[in-house]
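For the sequence shown, position 193 (counting from the first letter as 1) is numbered 193 according to this note's numbering, and the numbering increases by one without interruption.
Where hints are given, some of them may not hold.
Unchecked claim - Just the calculated beta-carbon pair ranges, DEER-fashion:
id, residue 1, residue 2, range
1, Val85, Trp241, 20 to 26 angstroms
2, Phe189, Asp96, 16 to 22 angstroms
3, Asp13, Ala168, 36 to 42 angstroms
4, Thr63, Asp13, 23 to 29 angstroms
5, Arg62, Ala278, 16 to 22 angstroms
6, Thr273, Arg98, 35 to 41 angstroms
No lab work stands behind these hints, which were simulated from the structure alone. In this text, all values refer to a predicted model and were calculated from it rather than measured experimentally. Each residue gets a CB set at the ideal place from its N, CA and C atoms; glycine is no exception.
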Amino acid sequence: MDSSPDMGLFGPDSVTWKVHNEPIVTMGGLRSLYLQALHPRAVAAVAQNSDYRADPWGRLNRTSEYVGTVLYGSTTEVEAAASRVRRVHSRMSATDPRTGESFRVDEPDLLRWVHVAEVESFLTTARRAGLRLTDEEVDGYYTEQLRAAELVGLDPSTVPGTAAEVAAYYERMRPELGITREAAETALFLTVPPVPEVWNSRAIRLSLTLGPARWAYFGIAGTAIALLPAWARKMYGGLGWPTTDLSADLSVRGLRLLMAAILATLPRQYRVTPMRRAALERAGAAAG
């Protein structure tokens with residue numbers, strides 16, 4: 001009987017752990033939301049079923065917990081989290097803003113778009129921030145993430161599993177994408193989110209609303225948008241110039257260095273998320 005610790009879907013030797021060891025991938029999450037919003041049905045599903053406007057930080061926390069569980073949880077934890085997500089999605093429907101047609105939130109086409117936009121954003125952000133990966137590692141990341149796609153109910157054989165397949169998928173999807181009212185409202189909300197209620201001190205809220213913290217967030221949101229593919233930036237009314245890509249690369253690399261410098265000043269227990277720390281401890285036990 002195998003008594004070795006359960007490392008879940010991935011593990012310390014995976015490309016997935018290498019990519020997500022980079023704190024800058026959190027910006028990839030923001031980039032992916034801007035990208036996902038360009039799919040009229042995907043953004044309608046969120047806008048019509050989610051409380052993200054009333055509780056954006058709570059939704060962000062729940063999403064982060066799910067992603068963290070998929071990355072670092074045991075098999076039992078991952079399956080339980082995925083089961084909850086599938087159960088919730090199975091009860092949801094929305095209305096297409098263009099046709100008036102009702103559709104299920106867990107349609108494969110929508111799940112596939114959200115998955116690809118998310119994993120491509122994580123990977124692209126990490127690489128453009130300076131993480132060195134070989135072409136084989138890039139394809140390995142996409143192939144590993146097919147396990148995450150299967151968790152939400154997708155057939156892995158229908159999901160892009162290499163860089164070339166992701167590029168071809170985006171090319172096929174572009175005619176279906178565009179700006180709807182819900183997409184524009186979502187993008188604005190992402191760019192100018194409300195101050196968390198937990199920071200209810202008047203001085204703190206005023207500082208975060210008008211002060212340096214707000215301008216710092218504008219810089220982060222602007223970088224996330226600049227990291228989008230040129231065709232996606234154009235849909236938002238931005239520029240597709242190569243100089244924008246260069247500026248985005250410089251900005252995200254600078255942010256990566258800044259985050260590393262800040263984390264280096266913190267006590268060791270705060271440099272790694274609890275989920276990753278628990279997974280590392282399991283991996284250490286396995287190695288021992």
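- prompt: Any of the earlier hints contradicted here, and which numbers?
  reply: 1 and 3
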